[in-house]
Amino acid sequence: MDVVVQFGPQHLALAEPERLKVYAEGEKVINVDITMGYNHRGVEKLAERKTYEQDILLVERICGICSMSHPLAFTQAVEDIAGVTLPERAEYSRMIIAELERIHSHLLWAGIAAEIIGIETLFMYTWRDREFVLDQLETITGNRNHYAWNTVGGCRKDITEKQIPGLLTALEVVERRTEHYIDSFLRNRTIRARLVGTGTLPRDDARRLCTVGPLARASGYAVDVRKDDPHLAYDRVDFEKIVLDEEDNMARAKVRLLEVFESVKIIRQAVAALKGLKGKEIAVPVKEIPPGEGVGRYEAPRGEVFHYVRSNGTFYPERVKIRAPTYANVQAVPVMLEGDTLGDVPITLASIDPCFCCTDR
Amino acid sequence: MFKAISRRNAVHVMLVYAGGCNGCDIEVVNCVLSPYYDIEQYKVMLTWNPREADILLVTGPVLKRIEPALKKIYDAIPDPKLVAAVGSCAINGNVFSNLGGDLGPSEEIAGPLDKVLPVAAKIPGCPPRPEDIISAAASAIPILAEMEV
Amino acid sequence: MELEALFSLFKKPFTVKYPFEPSPAPEGFRGRTEFTDECVGCGACAAVCPPKAITIVDEKKTRTMRIDHGLCIFCRSCQDICPWEGINLTQKFEMATLNRAESYDEIEHDLILCQGCGKVITTRRHMEEIRKKIEKVGLLDKDRNNIESYCISCKKDQFAREAIEASQPI
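Keeping their order, the protein sequence lines are chains A, B and C. Position 145, counted from 1, in the first sequence is what our numbering calls 145; the numbers after and before it change by one each time, with no gaps. Position 90, counted from 1, in the second sequence is what our numbering calls 1090; the numbers after and before it change by one each time, with no gaps. Position 151, counted from 1, in the third sequence is what our numbering calls 2151; the numbers after and before it change by one each time, with no gaps.
One chain only, chain A, in its complex shape (with noise of 0.2 Å):
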């Protein structure tokens, strides 16, 4: 007999507001059922009735974890537009923040894995550690999460020579204890019986579904934008693409591991670029938008972001298109899942790394 499992919008084992349909046999799962779309603020209208300058903060406020990634990926949707090159400077000193956050989003998701399969510990670590990183975006941006750092044809703030210490510091403490949360994940067994073998997603699966990310990535789908189409000085500095084919939660938790220290390899090489780079200006001015349409990519911590923005030659943009990555992720949900226990369910979804504020918008 079916069991209907109801996760509602307001749920203890849900974060954010979104409504999940478990159909079970027993305690295996056959499919889930997910309806979205409690978190629409009309973000896409809404930027029409806004200046660019301006939209750049609106979009910044879709998500606030990826608060770099949707201004990131807007302006460079305007700058394509208005046929901008960016100052070396600003791709460095941009690219900077972008990794930044996406350490602390991998921490972030490595903290809340951890609590979600029952170790509070390793979440206690994983936050603490968090910190440092934060602690140097406030330092550098202004703000713990809402960093303000983009503009149409740069940046608005620059990096300042005495706040780079700080910043090559917190990033050994990070890849110091990095390493040891990777050993932790390998090797703890309560860990490795919980995501070992769990929410399979097959690599064929994860192409034909379109999946973005981490999640393709640990399904052995390279998808890259930093390397698939190359912005910024991302084909100036030397990272690698994390893939892997194991296919399970735990190839998941690793890929983002490993992410972190390619990140901060990136960043390492941005600072050592930006001090060649000292006095440049750090943006160009951008007198008028013309009519046009541009397209803008950027490898978010949790996959794809795509922005695409049409002009019509005023102040206003005629319209704003916006896919996040859990867009894409979250269909993968049900294959995932298929054929798991209940137990699984939180766990599995929390390995796409959802962000329903995002997808919603």
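Everything labelled a hint here was simulated from the structure, so no lab data went into it. Just so you know, not all the hints are guaranteed correct.
With beta-carbon atoms standing in for the labels, derived distance ranges [as the list claims (entries may be wrong)]:
{"hint": "1", "chain 1": "B", "residue 1": "ASP1079", "chain 2": "C", "residue 2": "ARG2066", "range": "34 to 44 Å"}
{"hint": "2", "chain 1": "C", "residue 1": "GLU2027", "chain 2": "A", "residue 2": "ASP228", "range": "49 to 59 Å"}
{"hint": "3", "chain 1": "B", "residue 1": "ALA1069", "chain 2": "C", "residue 2": "THR2064", "range": "34 to 44 Å"}
{"hint": "4", "chain 1": "A", "residue 1": "THR121", "chain 2": "B", "residue 2": "ASN1009", "range": "22 to 32 Å"}
{"hint": "5", "chain 1": "A", "residue 1": "LYS162", "chain 2": "C", "residue 2": "LYS2132", "range": "30 to 40 Å"}
{"hint": "6", "chain 1": "C", "residue 1": "GLU2027", "chain 2": "A", "residue 2": "ARG203", "range": "48 to 58 Å"}
{"hint": "7", "chain 1": "A", "residue 1": "ASP245", "chain 2": "B", "residue 2": "ASN1009", "range": "49 to 59 Å"}
{"hint": "8", "chain 1": "C", "residue 1": "GLU2004", "chain 2": "A", "residue 2": "LYS162", "range": "31 to 41 Å"}
{"hint": "9", "chain 1": "C", "residue 1": "ASP2110", "chain 2": "A", "residue 2": "THR51", "range": "22 to 32 Å"}
From the structure, some residues in chain A lie toward chain C, with a derived Cβ separation under 10 Å [to be verified]:
{"hint": "10", "residue": "GLN6"}
{"hint": "11", "residue": "GLU131"}
{"hint": "12", "residue": "THR141"}
Chain A is nowhere near these chain B residues, computed Cβ spacing over 10 Å in every case [stated by the list, open to error]:
{"hint": "13", "residue": "TYR1042"}
{"hint": "14", "residue": "PRO1061"}
{"hint": "15", "residue": "ASP1075"}
{"hint": "16", "residue": "GLU1108"}
Even for Gly, the Cβ is constructed at its ideal location relative to N, Cα and C.
With chain A fixed as given, assemble chains B and C onto it according to the hints.
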């Protein structure tokens, strides 16, 4: 009387996510649970169960789809209770509230929290620093202790 | 992880004792927005503010500019746009309040009204700054000392009238 004594020893805070951007939520969870801020050291606990909560923290601009659920949660909290609006979304609607220009007020948003529930404390910021949330909790607890059932 | 937990027993706690210990915001932190004495009341900040947190109310001969800290998103747009350094984001952050009336910052300015139609031209300090700038460039017409007494449409009317009078044959 029994309740007043117990509340002096521990205050339970419930967090409701009413359509914000995750920024404030993570800061609230960060300042209650994480080891850096940890207001559990001052006997403020985070709970996800309205039946044991004393203070309701609401983040986000209160969307129309969430409004009925939010009212149900508020009714489920036993008296006396306090509501605190965290972040400028909950206080006034932030960038989402108004100003669709000729579009008028947004159709998705039931308005700032004031219109839905009686709000006692307001914590401005986008998102507020965890220190802000701690100081708000510190100022709200004496009021809660004096409230009669 | 087990060893880590054991070692932690002998370390100093990582937790801050915040309300009893200060936890200052770093330099460059975007905190409470405040008007400074340099403000001339031109209203550029109100135009650029994404959530419209800065409002301008003109009443009789005073302009009240008010920033609502409950609505402010601390984005620094106003500070970036202000040509007079009249608005600043300070490092203050303890703004939580039980009373809404506390969370405002206001500044008042005298207004100049048009002598012709009574419309608002701009604030007195803004006009003084503009006059200084024009004088620096050397564009100020010595004969016309009344640039501040008429609004643009009245000035156009006046100019047209003078031109007609001048062109009329005596």
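Status of each hint after checking the structure:
no.: 1; hint: B/ASP1079 with C/ARG2066: 34 to 44 Å; verdict: holds (36 Å)
no.: 2; hint: C/GLU2027 with A/ASP228: 49 to 59 Å; verdict: violated (39 Å)
no.: 3; hint: B/ALA1069 with C/THR2064: 34 to 44 Å; verdict: holds (40 Å)
no.: 4; hint: A/THR121 with B/ASN1009: 22 to 32 Å; verdict: holds (26 Å)
no.: 5; hint: A/LYS162 with C/LYS2132: 30 to 40 Å; verdict: holds (36 Å)
no.: 6; hint: C/GLU2027 with A/ARG203: 48 to 58 Å; verdict: holds (49 Å)
no.: 7; hint: A/ASP245 with B/ASN1009: 49 to 59 Å; verdict: holds (53 Å)
no.: 8; hint: C/GLU2004 with A/LYS162: 31 to 41 Å; verdict: holds (32 Å)
no.: 9; hint: C/ASP2110 with A/THR51: 22 to 32 Å; verdict: holds (30 Å)
no.: 10; hint: GLN6; verdict: violated (35 Å)
no.: 11; hint: GLU131; verdict: holds (8 Å)
no.: 12; hint: THR141; verdict: holds (8 Å)
no.: 13; hint: TYR1042; verdict: holds (18 Å)
no.: 14; hint: PRO1061; verdict: violated (7 Å)
no.: 15; hint: ASP1075; verdict: holds (13 Å)
no.: 16; hint: GLU1108; verdict: violated (5 Å)
Of the numbered hints given earlier, the model fails hints 2, 10, 14 and 16; all others are met.
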